[in-house]
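2 protein chains.
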Amino acid sequence: MSEPSNPAPPPVEAQAEAPASGTAAPAGDGTISKKAAKKAEAKAKKEAEKARRAAEQAAAQAAAAKAAEAEDLARDNYGQETHETKFSDDAIEVSLKNLGEEHVGKKIQLRAWIQNARMQGAKMAFVELREEGTWSIQGVVAASPEGTPVSRLMVKWVGAINPESFVVVEGTIEKPAVPVKSCRVSNYELHITKCFVHAAAPTVLGMTLAAANRPIANFSDEEPPVEQAVEKLSVAETTGTPAATMLTHLDNIVMHKRSYVQQAIADIRAEMKELYRSYLRAHGFKEFEPPCLIGAASEGGANVFRLPYFEKEAFLAQSPQFYKQIEIAGGRKRVYSAGPVFRAENSNTPRHMTEFTGLDLEMEIKKDYHEVLDVLEGVLLHIFRNISERCPDEIALVRSVYPCEEFLLPEPGKKVRLTFAEGQKLLREEGPEEFRNVSDDEDMSTPQEKALGAIIRKKYNTDFYVLDKYPESARPFYAKEDPINPKVTNAYDLFMRGQEICSGGQRIHDPVELEARIRKKGIDPASPGIKEYVDIFRQAGVPAHGGGGIGLDRVVAWYLNLPSVHLAAFYPRTPKRLLP
Amino acid sequence: MSEPSNPAPPPVEAQAEAPASGTAAPAGDGTISKKAAKKAEAKAKKEAEKARRAAEQAAAQAAAAKAAEAEDLARDNYGQETHETKFSDDAIEVSLKNLGEEHVGKKIQLRAWIQNARMQGAKMAFVELREEGTWSIQGVVAASPEGTPVSRLMVKWVGAINPESFVVVEGTIEKPAVPVKSCRVSNYELHITKCFVHAAAPTVLGMTLAAANRPIANFSDEEPPVEQAVEKLSVAETTGTPAATMLTHLDNIVMHKRSYVQQAIADIRAEMKELYRSYLRAHGFKEFEPPCLIGAASEGGANVFRLPYFEKEAFLAQSPQFYKQIEIAGGRKRVYSAGPVFRAENSNTPRHMTEFTGLDLEMEIKKDYHEVLDVLEGVLLHIFRNISERCPDEIALVRSVYPCEEFLLPEPGKKVRLTFAEGQKLLREEGPEEFRNVSDDEDMSTPQEKALGAIIRKKYNTDFYVLDKYPESARPFYAKEDPINPKVTNAYDLFMRGQEICSGGQRIHDPVELEARIRKKGIDPASPGIKEYVDIFRQAGVPAHGGGGIGLDRVVAWYLNLPSVHLAAFYPRTPKRLLP
Chain A
1 MSEPSNPAPP
11 PVEAQAEAPA
21 SGTAAPAGDG
31 TISKKAAKKA
41 EAKAKKEAEK
51 ARRAAEQAAA
61 QAAAAKAAEA
71 EDLARDNYGQ
81 ETHETKFSDD
91 AIEVSLKNLG
101 EEHVGKKIQL
111 RAWIQNARMQ
121 GAKMAFVELR
131 EEGTWSIQGV
141 VAASPEGTPV
151 SRLMVKWVGA
161 INPESFVVVE
171 GTIEKPAVPV
181 KSCRVSNYEL
191 HITKCFVHAA
201 APTVLGMTLA
211 AANRPIANFS
221 DEEPPVEQAV
231 EKLSVAETTG
241 TPAATMLTHL
251 DNIVMHKRSY
261 VQQAIADIRA
271 EMKELYRSYL
281 RAHGFKEFEP
291 PCLIGAASEG
301 GANVFRLPYF
311 EKEAFLAQSP
321 QFYKQIEIAG
331 GRKRVYSAGP
341 VFRAENSNTP
351 RHMTEFTGLD
361 LEMEIKKDYH
371 EVLDVLEGVL
381 LHIFRNISER
391 CPDEIALVRS
401 VYPCEEFLLP
411 EPGKKVRLTF
421 AEGQKLLREE
431 GPEEFRNVSD
441 DEDMSTPQEK
451 ALGAIIRKKY
461 NTDFYVLDKY
471 PESARPFYAK
481 EDPINPKVTN
491 AYDLFMRGQE
501 ICSGGQRIHD
511 PVELEARIRK
521 KGIDPASPGI
531 KEYVDIFRQA
541 GVPAHGGGGI
551 GLDRVVAWYL
561 NLPSVHLAAF
571 YPRTPKRLLP
Chain B
1 MSEPSNPAPP
11 PVEAQAEAPA
21 SGTAAPAGDG
31 TISKKAAKKA
41 EAKAKKEAEK
51 ARRAAEQAAA
61 QAAAAKAAEA
71 EDLARDNYGQ
81 ETHETKFSDD
91 AIEVSLKNLG
101 EEHVGKKIQL
111 RAWIQNARMQ
121 GAKMAFVELR
131 EEGTWSIQGV
141 VAASPEGTPV
151 SRLMVKWVGA
161 INPESFVVVE
171 GTIEKPAVPV
181 KSCRVSNYEL
191 HITKCFVHAA
201 APTVLGMTLA
211 AANRPIANFS
221 DEEPPVEQAV
231 EKLSVAETTG
241 TPAATMLTHL
251 DNIVMHKRSY
261 VQQAIADIRA
271 EMKELYRSYL
281 RAHGFKEFEP
291 PCLIGAASEG
301 GANVFRLPYF
311 EKEAFLAQSP
321 QFYKQIEIAG
331 GRKRVYSAGP
341 VFRAENSNTP
351 RHMTEFTGLD
361 LEMEIKKDYH
371 EVLDVLEGVL
381 LHIFRNISER
391 CPDEIALVRS
401 VYPCEEFLLP
411 EPGKKVRLTF
421 AEGQKLLREE
431 GPEEFRNVSD
441 DEDMSTPQEK
451 ALGAIIRKKY
461 NTDFYVLDKY
471 PESARPFYAK
481 EDPINPKVTN
491 AYDLFMRGQE
501 ICSGGQRIHD
511 PVELEARIRK
521 KGIDPASPGI
531 KEYVDIFRQA
541 GVPAHGGGGI
551 GLDRVVAWYL
561 NLPSVHLAAF
571 YPRTPKRLLP
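Going down the list, the sequences are from chains A and B. Just so you know, the first sequence maps onto residues 1 to 580 in full-length UniProt numbering. Just so you know, the second sequence maps onto residues 1 to 580 in full-length UniProt numbering.
Bound conformation, chain A alone (with noise of 0.2 Å):
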């Protein structure tokens, strides 16, 4: 049997040793008056004597200490841990968010960070225990009179651990007198037999829990001029504590992670992706994997990230849209994928981000191009109606954070889509003053997406619906005009309260077709990427298809309305930020 690990020794209150000898004042002409020497003498008698007696004391306090740490009965059960901590064989290990009546009585270990710890008087230390997420416990550590299992310095030193250490402790589940409304599992607490440091935490915290769990108080790229940083300061310190800038939550990201809102955010995104798969899946889609690099950058040119690739170029691939044609071509009827997509956009802004996660579909198309914006109006409404459903505790919590507004959907069975022109109309109708002339054959700016969610909104009530038949020259050349009316295409946009969160359509199928517009879209169609594409079509007959991707961060961000899509990303990368 090895020894047991000796507990850290307490943060003993030890008072400064008294000086050794006492020494007179000296007189100002270098004499000494008989008077003053008495005096003096006296004086160096009492101080010898007070010397004596507070080195003493000291001894005797430090020995009662040694003699206290020596004779503690608790040391086996507090310290830090190390690979020959004892811990008992008897204890349940169960997860806070599963405690429930039937283990009042029983001892548990449970491993988590302390979230705050302190004393309650020199014998009781109250500290907070939090698992993964959200879950927190009050954990209650009380020196019994005998000294065991818990004694007064290990209420002392448990009282004294810094907030974010891990920490494996055990003890018994009691419901407390008054509900902990500090924690959420308020109905039990943990009174604390055993507590053992398994990674300290440092004493100074680059950014508390509690900094961490407010509102983010600016989302710029630059460090805020000192002016904007102090109001907004001040406007988060009316609840409290300081919010801090989103610059500090990625100097510190374990923290920026570890907050309440963060981990329910990354619960949501997780969830909703998950509904994304098990919908294609029931529906008969197969998931496939498009590459990220590629040989040409064929979609354009424009804000596509290059790099040197042996003897060749390689581009980062913006999107899978040729990749999940292909698949069609070859004989798939219906894919997904879920992957990374990049743009080299230098836009510094809270819409954008240089890598983000695409949800991307395509289709055979029997006999309508209406097929596919079923499918994707169909999985977005099962995430929405599914996620409420799943994470209902986690979106409150994100909403407690960052308020907002509800988020609408159609009535069940009910779908509210406009076409590009009916859009325009309502925007020029009942938009504002400057919206009243736009133009039925131009895209939308931002602002008119904006405002015509609002108008939206209040019309039908919802904050999902989809634009259909976009003019042609809003849309790439693969894009199938619509054969009725060419000045209009097959192709549609989705919107969360106003604002696009995914494109798609039907693409052009037959290769004669496609060059054509390739060419009336000012492309060569014999130039690098363009050309390769449109044999795909030549190689063998390929059936009508459409499609669409999803942006899955924009769909978290507007979904939770939050400040800023980098958000609700595991790791945004910016312009300026490629770092954690």
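These are computed hints drawn from the structure, not numbers from a lab. Please read all numbers here as calculations on a predicted model, not as lab measurements. There may be inaccurate statements among the hints.
[Unchecked claim] Which bits of chain A does chain B cover? Going by a derived footprint, with three or more residues having C-beta under 8 Å, they are:
{"#": "1", "segment": "40-52"}
{"#": "2", "segment": "198-209"}
{"#": "3", "segment": "245-256"}
{"#": "4", "segment": "268-275"}
{"#": "5", "segment": "394-402"}
{"#": "6", "segment": "542-556"}
[Stated by the list, open to error] Pairs of lysine-lysine residues, derived as DSSO-like cross-links and limited to a Cα-Cα distance of at most 27 Å, are as follows:
{"#": "7", "chain 1": "B", "residue 1": "Lys273", "chain 2": "A", "residue 2": "Lys86"}
{"#": "8", "chain 1": "B", "residue 1": "Lys333", "chain 2": "A", "residue 2": "Lys273"}
{"#": "9", "chain 1": "B", "residue 1": "Lys86", "chain 2": "A", "residue 2": "Lys366"}
{"#": "10", "chain 1": "A", "residue 1": "Lys107", "chain 2": "B", "residue 2": "Lys97"}
{"#": "11", "chain 1": "B", "residue 1": "Lys107", "chain 2": "A", "residue 2": "Lys367"}
{"#": "12", "chain 1": "B", "residue 1": "Lys487", "chain 2": "B", "residue 2": "Lys450"}
{"#": "13", "chain 1": "B", "residue 1": "Lys425", "chain 2": "B", "residue 2": "Lys487"}
{"#": "14", "chain 1": "B", "residue 1": "Lys86", "chain 2": "B", "residue 2": "Lys50"}
{"#": "15", "chain 1": "B", "residue 1": "Lys106", "chain 2": "B", "residue 2": "Lys86"}
{"#": "16", "chain 1": "A", "residue 1": "Lys273", "chain 2": "B", "residue 2": "Lys273"}
{"#": "17", "chain 1": "A", "residue 1": "Lys576", "chain 2": "B", "residue 2": "Lys414"}
{"#": "18", "chain 1": "B", "residue 1": "Lys66", "chain 2": "B", "residue 2": "Lys107"}
{"#": "19", "chain 1": "A", "residue 1": "Lys367", "chain 2": "B", "residue 2": "Lys273"}
{"#": "20", "chain 1": "B", "residue 1": "Lys273", "chain 2": "B", "residue 2": "Lys97"}
{"#": "21", "chain 1": "A", "residue 1": "Lys38", "chain 2": "A", "residue 2": "Lys66"}
{"#": "22", "chain 1": "B", "residue 1": "Lys367", "chain 2": "A", "residue 2": "Lys106"}
{"#": "23", "chain 1": "B", "residue 1": "Lys38", "chain 2": "A", "residue 2": "Lys333"}
{"#": "24", "chain 1": "A", "residue 1": "Lys367", "chain 2": "B", "residue 2": "Lys97"}
{"#": "25", "chain 1": "B", "residue 1": "Lys106", "chain 2": "B", "residue 2": "Lys175"}
{"#": "26", "chain 1": "B", "residue 1": "Lys50", "chain 2": "B", "residue 2": "Lys38"}
{"#": "27", "chain 1": "A", "residue 1": "Lys273", "chain 2": "A", "residue 2": "Lys414"}
{"#": "28", "chain 1": "A", "residue 1": "Lys97", "chain 2": "A", "residue 2": "Lys107"}
{"#": "29", "chain 1": "B", "residue 1": "Lys86", "chain 2": "B", "residue 2": "Lys97"}
{"#": "30", "chain 1": "A", "residue 1": "Lys459", "chain 2": "A", "residue 2": "Lys425"}
{"#": "31", "chain 1": "B", "residue 1": "Lys333", "chain 2": "A", "residue 2": "Lys181"}
{"#": "32", "chain 1": "B", "residue 1": "Lys107", "chain 2": "A", "residue 2": "Lys366"}
{"#": "33", "chain 1": "B", "residue 1": "Lys86", "chain 2": "A", "residue 2": "Lys487"}
Glycine residues also receive a C-beta, built at the ideal position from the N, C-alpha and C atoms.
Based on the hints, put chain B in the right spot on chain A.
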């Protein structure tokens, strides 16, 4: 009502028209003898008569054809599909895989590729119709005496459709007299009453489906020397159709993907990925998305793609290693990801790609790092055990093209775990001569790994096993050394058929220990990327954790024992090839 579209004219074998008038051959001296003139006259008359008759005949034939076409009572039942083509309202849409007895005698509509068409006399044609994957059915087009719904012209027209054209057909499901061996649906055939070409394939395909279905002859990135190509070709020809090289397959990506074997591999891959995700979700793992663009080449800097990134330089991630650790530091208990990773390695082998899919996971360790190994073995066994139930036909199909030995698994409930040292001992004692002196302190070479795989297969009857406790020298700076024996690490590799498919282990979570090992490895802890990495563990207390990275492409390829990992990828990326 709009006019029904006219079918394209059938390929009438029109005779060449005879010359309008005869000309006599001139005599050598420019004059014409009487005898010769007579002879010429007679000949001219004869020819004129012949021409007249031919012209009459041609006109009669043309008129007959025109009349036949005009009278073709089936003319609305075939031709090029347009948006005005009419189909029956009462035809059922059913996937071939769902065809059953209940459909016999019913009219169905099918959208499919013509994979073969041949005439059987003048009144009947057989076409093989293929849906997604490998599902095909025999279509019969038989002219009815009354000329409707199928005429002789229609039979001729359908029998001449280019293979790999996409068609929409209607017909009645019937039971064939004898099962149709050439189609996957062998118990039913489709008696076609309508057939429209939706998208035509070219007359000559770049690669036929038969060739695409053959095993690939050559995987070199270079065009093979003629000699070798001929040799391979003749081997392949023993079963009928010449095989093509991988380069030909990639140049004809549409037919490559339509091949049965690639459809089956794609299905198996998608299912394996889904099995990976569902297992981890069921075991409490949460999905996250690591970035591809990173700010520092932190994992050594070799074989990393670099690119200009606005005013800076960016790198493409070689693994999500640091990011999954940040997730754990950031308060997640268990995370997984599935996404692209990149290696700028100029290796032109069937084992290497520059972009591939990493299945990564990371988790908190409670007591022992083997908890991680349990999950890694668990998820892979889950994949192997379930894929043979989910995709039995697809696996059988791949094996019919690329035959291989069964992939052996440990008996249910058992696992085969050896230490690295035990593996080396086996290799020394039971391996080939040249491995008699392999050391316990050095990593294995690929031939050594394969030799050990063969020994383990014989000894333990499994193709899936683990080597644990890799030597310290063979593991990166973040690998945790065994606290008892620091010459080895708490790290392991997982193998399939003697080839590594997963590397993992416990990571160092203490910043002091981490920095010491970084120095020991000869790396400057202040270098870019490394400093930020170590700082993660200084930001707050991080629990013990570990994980692993699985190469999906390799899992698919080695499970099926494919001759190249490129066959397992959707779009293989190699140093020489970025297209398509």
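inquiry  = Of the numbered hints stated earlier in the document, which are not met by this structure?
reply    = Going through the list in order, the structure violates hints 1, 5, 7, 10, 14, 17, 18, 19, 21, 23 and respects the others.
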